[in-house]
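There are 2 protein chains.
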Amino acid sequence: MVMIRQWVATGFAGILAISMGSAVQSQPKTEARWTIEDIVTAPEVTDIALNGTATRAAYVVKTADIGRDRPIATLNVINLHDGQKKVLLRDRIISGLRMVPGTNDWSVLADLGAGQQLYRIGADFSIRVELAHRPLARVGVSDGSTNFGSLDMPLDVGILSYAWSPDGKWLWYSSIRPRISRAVLFDTEVAHQLGVRRPQKSADIIYHLRSIDGVANEVAVRPPTDRIAQFFGGTVAWTGEEVQFSIEDRPSDGPIRYERRGVRLSDRLVRVLADWPASPFARLPPGPHGGRLTTLGIGHARKLVEVSETRTLRDYGKVDFLIDDPRSAGSWRSRDGNATILGTRYLEHPRYGLVLINKNQAHAISSNLSLTKCDFTPDLKRGVCIRESLSHAPEIVSVRPDEAKIDFIAAVSDHHSAISELQTTPATWNSRGGYPASGFVVWPRHYRPGIRYPAVIVTHGSDADERFCRDGFQWNYPVQFFAEQGYFVLLVNDPTPSQSARLSAAYARWGSGTGDLPAAEVQQLIWLEGVGAFEAAITQMIEQGLVDPDRVGIAGYSRGSQMANVTMTQSTMFRAASSGDGGYLEPSAYPRLMKSYDAIFGGSPFGPAIENYRRLSPSLRADKASGPVLFQMATPQGGAIDFYRALRAANIPAQIDLYPGRDSSSDEAHIFTIPSNRMLAMRENIVWFDFWLKGKAPAQQPFPDRGAIWSEMATSSPLRPAEINGSTP
Amino acid sequence: MVMIRQWVATGFAGILAISMGSAVQSQPKTEARWTIEDIVTAPEVTDIALNGTATRAAYVVKTADIGRDRPIATLNVINLHDGQKKVLLRDRIISGLRMVPGTNDWSVLADLGAGQQLYRIGADFSIRVELAHRPLARVGVSDGSTNFGSLDMPLDVGILSYAWSPDGKWLWYSSIRPRISRAVLFDTEVAHQLGVRRPQKSADIIYHLRSIDGVANEVAVRPPTDRIAQFFGGTVAWTGEEVQFSIEDRPSDGPIRYERRGVRLSDRLVRVLADWPASPFARLPPGPHGGRLTTLGIGHARKLVEVSETRTLRDYGKVDFLIDDPRSAGSWRSRDGNATILGTRYLEHPRYGLVLINKNQAHAISSNLSLTKCDFTPDLKRGVCIRESLSHAPEIVSVRPDEAKIDFIAAVSDHHSAISELQTTPATWNSRGGYPASGFVVWPRHYRPGIRYPAVIVTHGSDADERFCRDGFQWNYPVQFFAEQGYFVLLVNDPTPSQSARLSAAYARWGSGTGDLPAAEVQQLIWLEGVGAFEAAITQMIEQGLVDPDRVGIAGYSRGSQMANVTMTQSTMFRAASSGDGGYLEPSAYPRLMKSYDAIFGGSPFGPAIENYRRLSPSLRADKASGPVLFQMATPQGGAIDFYRALRAANIPAQIDLYPGRDSSSDEAHIFTIPSNRMLAMRENIVWFDFWLKGKAPAQQPFPDRGAIWSEMATSSPLRPAEINGSTP
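Quick mapping for you: the protein sequence lines, in order, are chains Y and L. Heads up: the first sequence begins at 1 in my numbering, then just goes up one per residue. Heads up: the second sequence begins at 1 in my numbering, then just goes up one per residue.
These aren't lab readings, by the way, just hints derived from the structure by calculation. Note that this is a predicted model, so its numbers are computed, not measured. Note that beta-carbon positions come from the ideal geometry of N, C-alpha and C, so glycine has one too. Treat the hints with care, since some could be wrong.
[As the list claims (entries may be wrong)] Per the computed footprint, the stretches of chain Y lying under chain L, defined by three or more beta-carbons under 8 Å from a beta-carbon of chain L, are:
no.	segment
1	189 to 197
2	650 to 658
[To be verified] Negatives, chain L to chain Y, calculated, CB over 12 Å:
no.	residue
3	VAL215
4	VAL221
5	ARG268
6	GLY513
7	ARG645
[Stated by the list, open to error] Straight-line distance between alpha carbons at most 27 Å, and here's what the computed DSSO-like set of lysine-lysine pairs gives:
no.	chain 1	residue 1	chain 2	residue 2
8	Y	LYS201	L	LYS201
9	Y	LYS85	Y	LYS62
10	Y	LYS624	L	LYS595
11	L	LYS303	L	LYS318
12	Y	LYS595	L	LYS624
13	L	LYS318	L	LYS405
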């Protein structure tokens, strides 16, 4: 057994100055303050790749073009010696950035006018078509398209995904072929259409293999239900003789089945492989001893181990992180096989790091900042990463894994790096059942001790972590702007199931129906313990004299909307809520969600199980709501409409909004993509909480007609806005 | 008071040979028999118009083009002297055929390649554009279109509707202008999106007035919620000085409001008129005394009256028909105002006739055949009509109203007129509560006394009447082919509300929420009394030795699907059902149908009203079903999926089919429009009832894979197909 060595990255001294768990203000770099526009344009680096000589890195930044009111991606290149940056491409979507093995070029998927195709970026930054596939297939959540979950805006796809062989000579790629069948559907196929809005074209995914001599052949056809094909391009691996890929079969009646197949390069012969790893969607590279890397144990007993083919265990010691989180930085194996680097995600102070695993030991590389995207040289001696945190804008850093040395090279967005950092402290709160929930406190910009501030909880599953201003977590809740406006913002995760066998059992029962946990216990563990954690967080803030108990709100979208809706109808601590694009847990959705509802409620709401719905379904508890609820929707989900109506019927103030799509043929995406929608929705959230928590008449109402309606609801409801206390902000 | 004179039309002697209420076979004209193709191509005359000299009539026939697999309309002209016919146009949709006043021309709406525009047909049959409006707007149930309920297939509309001034010099017309707003929607606007499949573009309807000098002006803009604008072109009337039209306002919260407005021809000034007639959707012309024509009283006490402006009544005597049924032939007023002709619909033997109302008396013009479309000369002395019945193919006849003289001119479809007529007898059956239900018995082609036959009820509200082979009634249930195959087919209407104040009150409670009839009574009157009428019809047939009690089925679409589903779960007499494109009455639809469900069930199914759902909702009574149910769907309606699943969960054989639209961007229409879909669905109904009622293995299964599934369901379910009895057909 080898012990783990915990290093704290030393590359950037500034980060050490950020104190944790106390209320000391951070040192502002400048006096620049957060605006709504800053939030909408916050940069997210989605890809990074070194070139063959490791002198440069290319990276893709996702942001928003406010002027043209659309999301935008840029392909950038940075000289790692002098930090000089250059924008090579601007496009709506750029993805799949990779080094072309054995060259000094990169390859990338982009649409330069001929649909999404594969381009090659030369060392001289020239851009040329590497491979174009036709006909194009329109994908996205738009009428007449094929809906591939990963793409939310209409995009004409030639090449969907690709993978180079290690020598750069063979190319595996996938394309989309719409089905044009007009068959009559029967039984379960019809039931699958239940509640479908904007029915989509069905399509197959075609795998192609381009050989050394440039000839491409179709090697497999996968149905649209194969998520490995849709999202992961087959999770391809290359041996000398064959290219291996994974398939998923999801029959309408029967269990999901996974299989790994190999295509022999010499003659395209396809065989089914015997071995099948644990996770079908991601394949971690082997460890330095050729075994499978994984973690065993739960909570503080978790260990990093390597399991050999003969099932012997090599123990690398206890770890407080997970190695298979898809949000982490990735995985790499050295060419000689003696070392592996894995991206890590920490559970207690949720952030991203790396672990370098050598023959004898594992070295965790972490700091209070996250490393969210990386690439390494083939010997794993040098690398480049994106470093960021909740309050720290992303920057490009060089990494020397052996020394855990991290050096700042350049900011990704000088504008965002210039904004004065907000004080953010990680924290953990225990639910009533004793399940810890991790999270963060974002302090009001000019916090003054002795004053009680209003507070808003923002929640979205486990996405509260050290990543910068992510729309996938904070959605249309302008965390940073709330802090500028004098709110405490508490970013609170659900108690993570990976810390408890009982929580894990509840999530397994919910997700796949396994086990026999009773409905009441599933409800308690997945929703009510979460409410308890929120209450614990607020209670602590009140006890510390930081938060005014009469001015507390909650906001969350999707999973967060479940928690916001349940919290408002179970707890009495919250005076207002904003619930985004959700509507789960309402009984009327039973026919669409039978499987998961059976786990939560024990059956149909039209039978005896109705008692279990009465215990949890927000609309059936609307008369118990502790405050007004705003629903901001991308699609008109029935559950949200049900809860909205039930609140109004109970004379609880409520409003439901449907934000428009780009045009009448599409809806806004679940995570909003249209900058003007995001800005409107953020402004609406500000005035909503200002009105109900601070009693402030909305001066900057983005929808001027609504002010009078809110006032009228406030007057006629027993739930009035909190009075303004002269001495509080 | 003047008495009504009942004339029996004498123009066509053959009709008198059809006996009523007895089982005598009709005289076959030839030995031609009904095929499925004959049903799909059955002609329906949708428009007829005399020319200015009344020497010719033009008429539009709606039918199907099996080869090109689409509906088709033809514009035909017939010489009224010699019966010579000529086809002038073939197009997918032809509508709005009218004489151009003061000329010998016709005008008609058709799409000859430039969208739906107004064309003029000259006396020499030349066709030229009368008026073209641009830009075009795409309407229909297809992605990216504007859904105007009257049109089920995508159509590019320039001109939606039009009306000539009496002198033919002014032209009122409407066009469609799609809205391009991308506004955020709030509250009830969002709730309106609940359960919407294929969201449509919103559009306004623009009214234009073209003056004598050919200049057109916009005179009004109506929202898409104005059904008078959508379907009736404003129900326009002309005075010398102004053109008057009606508007409907349907605010999302508040009662519907109607208003009549006038546009002054001289300066387009719009004013609101004081008067407002009873029916906003149809304006019957004034009676010979300038008063309003209507019927008063219910059932056998119904009288035809003319109400003057001073509310005095002129009584034209008792009548057994209604004058405001939109399916009847139309209405005309003589130029001198001394006479009015109205289309009538009879209640007991449901058919269409005319009533000529002179100063002193009213003459009903009727026979056992219907007059379904007509046009008359300005003096009402001569006219042309379409005469048809359930078994008698449509033909063009001349009409002299004063003498009630009707003369055959020509068949509309020689092919269909050559099919040997089936024996069809009108009948009336009393529900348990004593409410009579009208209907017809269609006899098996080669009926032999002493043998008991299988029977199928076909039902669709009040549409069982003397019209020829209408898809709007019989849908995909091939009534004629069932009779050819040795079935009795009973066409049964709901007990008509117009015969009973109590039934009317139940329908009013259901339709508009008025009154306070308890839910249980609404259920009884609108659904359970109907089941009782079906049972009475079958019981009578069994008692008369005609029908085998073990081989009785039921089929209905839409309103008929409600009745089929309720019947199968309330009665024990029916061994199989086919339920078409419905799903109403299921509790999961409550959020979408609150208003009407409140009337039927008394509230949400998630509260105490669940007891009322248990009494009526088919899925909650699936274990009581008396036989298998086939669901043929145009769209995947949730209620049908709920009932299908509940039947399968109760081990009752059931199948749900979704028939495809023309392509992936559209669904099949509620009344199927694609000939291949209709033919498949009809064949499927034949084999479904043959299998479950006759125990016949489906030799001609249109979906070969389904045979084994049916057999397996039959084997595993307690509900097996009836055994074949050697002596019966």
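Cβ separation check - ARG645 (chain L) to all of chain Y, threshold 12 Å = violated (7 Å)
Is the hinted pair LYS624 (chain Y) and LYS595 (chain L) satisfied, with a Cα-Cα distance of at most 27 Å?
-> holds (25 Å)
Are the Cα atoms of LYS595 (chain Y) and LYS624 (chain L) separated by 27 Å or less?
-> holds (25 Å)
Is it the case that GLY513 (chain L) keeps its Cβ farther than 12 Å from each residue Cβ in chain Y?
-> holds (16 Å)
Count residues of the segment 189 to 197 of chain Y with a Cβ under 8 Å from any Cβ of chain L, then say if the count reaches three.
-> holds (count 8)
With 12 Å as the threshold, tell me whether VAL221 (chain L) passes as away from chain Y on beta-carbon distances.
-> holds (19 Å)
Is the straight-line distance between the alpha-carbon of LYS303 (chain L) and that of LYS318 (chain L) 27 Å or less?
-> holds (4 Å)
Least C-beta distance from ARG268 (chain L) to chain Y larger than 12 Å | Answer for ARG268 (chain L): holds, closest chain Y Cβ roughly 32 Å.
Taken at face value, is the distance from the CA of LYS201 (chain L) to the CA of LYS201 (chain Y) at most 27 Å?
-> holds (20 Å)
Is the straight-line distance between the alpha-carbon of LYS85 (chain Y) and that of LYS62 (chain Y) 27 Å or less?
-> Cα-Cα ~16 Å, so holds.
With a cut-off of 27 Å on the C-alpha distance, tell me whether LYS318 (chain L) and LYS405 (chain L) pass.
-> Judged against 27 Å, a Cα distance of about 23 Å means the pair holds.
Do at least three Cβ atoms from the segment 650 to 658 of chain Y come closer than 8 Å to Cβ atoms of chain L?
-> holds (count 4)
When each numbered hint is compared with the structure, a violation occurs for hint 7 only.
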